[in-house]
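*Asks:* Required output: the full structure, derived from the provided sequences and hints.
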Amino acid sequence: MRQALHLLHIQTKAKGLVEIGGKISLWLREQNISTGLLTIFCRHTSASLLIQENADPDVRTDLETFFETIAPEDSKRYVHRTEGPDDMPAHIRAALLQTQLAVPIALGRMALGTWQGIYLFEHRRAPHRREVVLHLLGD
Amino acid sequence: MRQALHLLHIQTKAKGLVEIGGKISLWLREQNISTGLLTIFCRHTSASLLIQENADPDVRTDLETFFETIAPEDSKRYVHRTEGPDDMPAHIRAALLQTQLAVPIALGRMALGTWQGIYLFEHRRAPHRREVVLHLLGD
Amino acid sequence: MRQALHLLHIQTKAKGLVEIGGKISLWLREQNISTGLLTIFCRHTSASLLIQENADPDVRTDLETFFETIAPEDSKRYVHRTEGPDDMPAHIRAALLQTQLAVPIALGRMALGTWQGIYLFEHRRAPHRREVVLHLLGD
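Chains A, B and C supply the protein sequences, listed in that same order.
Numbering follows our numbering, in which position 10 of the first sequence is assigned residue number 10; successive positions increment by one, without gaps.
Numbering follows our numbering, in which position 67 of the second sequence is assigned residue number 67; successive positions increment by one, without gaps.
Numbering follows our numbering, in which position 49 of the third sequence is assigned residue number 49; successive positions increment by one, without gaps.
Everything labelled a hint here was simulated from the structure, so no lab data went into it.
Small disclaimer: the values here were computed from a predicted structure and weren't measured.
Take the hints with a grain of salt, since some may be wrong.
Because identical chains cannot be distinguished in the list, a pair is counted as satisfied if it fits within a single copy or across any two copies.
Said to hold, decoys possible - 20 Å max Cα-Cα, derived EDC-like pairs, lysine to aspartate or glutamate: (1) 76 - 56; (2) 76 - 58; (3) 23 - 131; (4) 13 - 58.
*Replies:* Below, the structure is given as structure tokens:
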């Protein structure tokens with residue numbers, strides 16, 4: 001049984017979903033692990049990880065609209081306002097979504113379903129350089 | 001340290017919670033692992049995993065009602081409508097709930113609390129055959 | 001590769017966030033694991049785990065308000081009422097938040113970002129003694 005650690009940098013442009021599964025698969029292939037467990041960990045409280053449909057981009061649009069509605073930029077609702085109107089909604093979205101994902105590895109690949117893609121969900125308006133830790137364990 | 005992988009098939013009938021902890025426990029017992037980590041991974045973006053109260057069935061009713069209300073079948077809200085009125089709400093529920101769960105194994109059993117059960121939450125109206133990957137690691 | 005298991009007891013006073021990262025770090029230091037994977041598991045369906053901002057306490061206030069609003073104590077909404085007005089909202093919050101977290105270990109420490117703290121989110125009004133299982137795997 002072996003372990004590997006890697007730090008992935010993801011540049012975001014604005015609020016929204018960024019596909020990161022391709023970069024993860026590339027790194028995974030180099031590790032030569034056939035069976036194992038991959039943990040994906042986002043080092044931020046205003047961005048999240050999400051496994052979602054990778055086919056129709058309208059799904060991403062509707063997801064973004066949903067989270068915009070459930071945690072709106074509306075400073076009257078929040079006590080925490082010092083970091084801009086998009087900061088507290090970002091923390092709420094991060095609580096509702098995932099900071100970390102565990103994905104089994106089978107035959108050297110993530111055991112995702114056909115329609116599952118892996119995304120980083122940026123919750124801030126401004127571009128950010130996000131850090132995602134990959135931890136791999138297996139044979 | 002050993003690993004084991006298994007693919008569980010769960011037949012759903014309609015929207016709602018299906019208990020899957022019993023099937024997982026049965027498989028776990030055969031693996032002869034005393035201490036370890038179990039990862040449960042749902043290979044779909046319109047069904048979720050959930051650890052919830054296993055006692056009063058009213059809790060499941062109220063959970064189903066809550067998710068029906070927060071992400072209703074209302075085509076006016078969504079751009080993605082090609083797969084039926086229940087598809088986009090299913091993706092939103094999948095974002096709010098879990099695609100994967102990690103459960104420590106102690107004394108050969110999942111270290112669940114007394115009132116915790118493990119459920120697959122079907123978000124589509126029609127019956128589906130769902131795939132759940134089990135990954136086990138331990139001694 | 002080694003494993004370690006530990007049961008952490010957390011006393012809560014009322015609804016709200018309790019910092020537990022300090023206790024976890026203390027235990028982690030004693031295990032002498034440099035690279036690995038830590039799983040944190042909450043054995044309850046009316047309390048959750050959450051990674052959130054550890055700086056401005058106003059963030060915690062706003063998070064508490066958000067979850068009070070999205071799943072209010074309003075007995076007219078719920079069928080499950082036998083365990084008090086705060087019980088069904090507690091189960092809904094537990095479904096929206098996390099029961100378990102997986103955190104990579106690098107250089108003997110949790111690979112958290114600068115602003116990330118680990119919290120137990122108590123969803124019941126009354127004080128509770130909560131059990132959190134720690135599972136560690138690594139070298």
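*Asks:* Give a verdict on every hint.
*Replies:* Hint-by-hint comparison with the structure:
no.	hint	in the structure
1	76 - 56	between (35 Å within a copy, 18 Å between copies)
2	76 - 58	between (31 Å within a copy, 14 Å between copies)
3	23 - 131	within (13 Å within a copy, 25 Å between copies)
4	13 - 58	within (19 Å within a copy, 27 Å between copies)
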